[in-house]
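Student: Sequence:
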Amino acid sequence: MGFWELFLLALALSADAFAVSVTNGFCMKKIVIKKTFVIALSFGVFQMIMPIIGFFLSVKYTEKIAQWDHYIAFILLGIIGVKMLIEGIRELKSPEDNEQICTTYDKKLSPAKLFVQSIATSIDALIVGISFAAMKVNIVAAAAFIGFVTFFLCVMGVFLGKKSGDVLGSKAEVIGGFILFGIGLKIFIQHTFFGG
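If you count by this note's numbering, then the sequence shown holds residues 1 to 196, one letter each, in order.
Simulated pairs of lysine to any residue, SDA-like, Cα-Cα distance not exceeding 20 Å:
#, residue 1, residue 2
1, Lys83, Ala120
2, Lys186, Trp4
3, Lys162, Phe37
Simulated from the structure, these hints should not be mistaken for lab results.
With the sequences and hints as input, model every part of the structure.
Tutor: Below you can see the structure in the form of structure tokens.
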């Protein structure tokens, strides 16, 4: 997997975390740098750890599934991409009222709530880790890169959320879905027709 593929994959995987960071930022009374850093670090760490877990859970089966790696990558990334597209489009069609979001939102973002958010937004990365094992990707470098990109985007998400509400979050999820599906399709075509 090349740099730009990994970069686009990192952007796609971080879309959920970015969307939640936007909402977190939108509901803050004021931007606190320390709190912004903690939010972004939590999302980034989980986006880094999950692919590693998925990778090592499946690595012992890699030899058995090596001939099917492109199908696995296409199916897994395709499913995640389509899921993100559907959820993002659904949110765009019926967005919640911004005031209602913050009325029901716990303004004091507790460590437990941030932990749950981080887990929920990184499940897709666990599945991607499985496809990384099939493709024999350097998991440490790839996971660290995904974590860094997620951290950076979540910092931006908090600031953007404070400025513009949660509209960007839904759009990010739609874009992320297209990217994931596109990468899966590229891998499938490359391996099936060009023996890459």
